[in-house]
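Trainee: These are the residues of each chain, in order.
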Amino acid sequence: KQEVTQIPAALSVPEGENLVLNCSFTDSAIYNLQWFRQDPGKGLTSLLLIQSSQREQTSGRLNASLDKSSGRSTLYIAASQPGDSATYLCAVDSGTYKYIFGTGTRLKVLA
Amino acid sequence: NAGVTQTPKFQVLKTGQSMTLQCAQDMNHEYMSWYRQDPGMGLRLIHYSVGAGITDQGEVPNGYNVSRSTTEDFPLRLLSAAPSQTSVYFCASRRGTDTQYFGPGTRLTVL
Chain V
190 KQEVTQIPAA
200 LSVPEGENLV
210 LNCSFTDSAI
220 YNLQWFRQDP
230 GKGLTSLLLI
240 QSSQREQTSG
250 RLNASLDKSS
260 GRSTLYIAAS
270 QPGDSATYLC
280 AVDSGTYKYI
290 FGTGTRLKVL
300 A
Chain Z
250 NAGVTQTPKF
260 QVLKTGQSMT
270 LQCAQDMNHE
280 YMSWYRQDPG
290 MGLRLIHYSV
300 GAGITDQGEV
310 PNGYNVSRST
320 TEDFPLRLLS
330 AAPSQTSVYF
340 CASRRGTDTQ
350 YFGPGTRLTV
360 L
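For the record, the sequence lines run as chains V and Z.
For what it's worth, this note's numbering labels the leading residue of the first sequence as 190, then goes sequentially.
For what it's worth, this note's numbering labels the leading residue of the second sequence as 250, then goes sequentially.
Simulated from the structure, these hints should not be mistaken for lab results.
Do not rely on the hints blindly, as some may be mistaken.
No more than 30 Å apart at the CA atoms, straight line, and that leaves these computed lysine-lysine pairs for DSSO-like [said to hold, decoys possible]:
no.	chain 1	residue 1	chain 2	residue 2
1	V	257	V	190
2	Z	263	V	231
3	Z	258	V	297
4	V	231	Z	258
5	V	257	V	297
6	V	287	Z	258
Stretch by stretch, here's where chain V covers chain Z in the computed footprint (C-beta under 8 Å, at least three residues) [claimed, not checked]:
no.	stretch
7	320-329
8	344-358
Even glycine gets a Cβ: it sits at the ideal position worked out from N, Cα and C.
The whole structure should be built from the sequences, with the hints applied where relevant.
Mentor: Below is the structure:
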């Protein structure tokens, strides 16, 4: 059974810092991995989708990497801003139409 | 495109009442799903559908019914509401292994 873990559960950093969020999964046979952002009381917004054949994806200040063999993905946020404060979720698609989500990392960027 | 829409945004029910949460998408996605989000537990899949007339159970299906008569609509029915069903419910859709899009959510309280 696929399990997805995100560490740390919460993170507080000063503005301008580069940071890394971690996502690990137990079964390396995945179709893709997706990173989402969720603001309080809101829905999920897709940030980056990495297909199983890809190693990384980039969008602006965000870079996500995928290492299937080790069961890990990282989301790198460059030059963090207070507007980046949110909960970040990763989700794994194991090809059975069932996305498995981690419990998220709650990020606070201090001005 | 409106994307994924959900109604209502908020709902309060008494134990034993029934209701339907509505979900619609205008992106012609074949795959639609329902999740519930509870504190500390992340998002858990309730039911999903891979096309009109085809539905299947997710991780936590008990107490919920779904149907998919059209590509656009995927309603979630609570048969006899229980306090344990107090949660935030999200509907999502996608095409193949592409990005999954989420609705804004329905916050349900069962007294």
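Trainee: Three residues minimum, CB to CB under 8 Å: does the stretch 344-358 of chain Z make the cut for coverage by chain V? Let me know.
Mentor: holds (count 9)
Trainee: Does residue 297/V lie within 30 Å of residue 258/Z when you go C-alpha to C-alpha?
Mentor: This hinted pair holds, its Cα atoms lying about 26 Å apart.
Trainee: Compare the distance between the alpha carbons of residue 257/V and residue 190/V with 30 Å, and conclude whether the hinted pair is satisfied.
Mentor: holds, 16 Å
Trainee: Between residue 231/V and residue 258/Z, is the straight-line Cα distance small enough, at 30 Å or below?
Mentor: holds, 11 Å
Trainee: Between residue 287/V and residue 258/Z, is the straight-line Cα distance small enough, at 30 Å or below?
Mentor: Within the cut-off at roughly 25 Å; holds.
Trainee: Quick check: the stretch 320-329 of chain Z, covered by chain V? Criterion 3+ residues, Cβ under 8 Å.
Mentor: It is violated: at least three residues are needed, and the stretch 320-329 of chain Z offers just 0 whose Cβ sits closer than 8 Å to chain V.
Trainee: For a C-alpha distance cap of 30 Å, please report whether residue 263/Z and residue 231/V respect it.
Mentor: holds, 25 Å
Trainee: Sort out whether residue 297/V lies within 30 Å of residue 257/V, counting only the CA atoms.
Mentor: holds, 29 Å
The earlier numbered hint that this structure contradicts is number 7, and it is the only one.
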